[in-house]
Every structure is written in C-alpha cells, then in structure tokens.
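Could you build the full structure based on these sequences and the hints that come with them?
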Amino acid sequence: MARDEMIDRYVAYLDACNRRAWNELGAFVAASVLVNGEEMTRREYVAQVMATIDVFPDYRWELRRAIVEGEWLAVHLLDTGTRAKPFLNAPGDGARVATDELDMYRVVEGLICEVVGTVDNARLAHVS
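Sequential numbering from 72 applies to the sequence shown in my numbering.
No lab work stands behind these hints, which were simulated from the structure alone.
Heads up, the beta-carbon is just placed ideally off N, CA and C, and yes, glycines get one too.
The reader is advised that the hints may include incorrect statements.
Pairwise CB distance ranges, derived in the manner of DEER restraints [said to hold, decoys possible]:
id, residue 1, residue 2, range
1, Gly163, Ala73, 39 to 47 Å
2, Glu110, Ala73, 27 to 35 Å
3, Asp79, Lys156, 28 to 36 Å
4, Ala73, Glu109, 26 to 34 Å
Put into structure tokens, the structure is as follows:
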C-alpha cells in the first residue's frame, strides 16, 4: 500500500471512530488483531475503543503526524474529551481533558492487523 493511500485510509478510520460509526470499523480492522501483544477479535478491538467513549462521550482522535515504513504506520494523535465518568481515581466531573497518543499499526492488505501503542492516561485523569 502506498504511503498516501495508507494515511488516507487511516484518516477514514479515525473519522469512523469520531462519528461513532462502529459498524464501519470492520472495513479497516482485520478479523484478528494483535494489540500490545494480546490477540483480539475485531469485536473485542471495537469494544475496547467503545469503552473509551463510555467514560469520555465526546472523545476525539486528531491525527497530528504520521510516518509510513513498509507495512507499518506510526502516528501521533491529540486526543480530547470530557470526563463524564470516573477514570483512574479521577471523578466524572465534566472536566475537559487532552492527551497525546502514540501508536504503531501494521497494515496488511488495507487492514489493521497489529497495534502497538500508548496513551498518556495520567493526563486524562488529571484533576484541576
């Protein structure tokens, strides 16, 4: 997959996440996905993304940077949302939060089949 095609496809994936179009994620994610060393089904992967929305209903992922090397896509995202439920000992107090997310995706035949990444969750749990 060409660099621009991979990035365009990832932007479309983020758009589906930001629109909460969970039924569209199957077009971007393989039936089996390795996430930080743990094998997951597509359904489990989508459920993990949806769990974020349960705590931060207006959560948004914004692509800041992307690097493509072969099958790998490395991204820097700015994540924002409103903490509506308790998270890591922080109350569900309606606080607006923002954090950085760094992920590496292995994309085979246009489908995400592996993800290695991290989110700075401490910033999502920050209490003013």
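Hints, one by one, checked against the model:
1. Taking 39 to 47 Å as the suggested C-beta distance range, the pair Gly163 and Ala73 conforms, at roughly 43 Å.
2. Distance hint for Glu110 and Ala73: a CB-CB separation of about 29 Å, consistent with the stated range 27 to 35 Å.
3. Between Asp79 and Lys156, the C-beta spacing of about 34 Å keeps the proposed range 28 to 36 Å intact.
4. Separated by about 30 Å at the C-beta atoms, Ala73 and Glu109 satisfy the suggested range of 26 to 34 Å.
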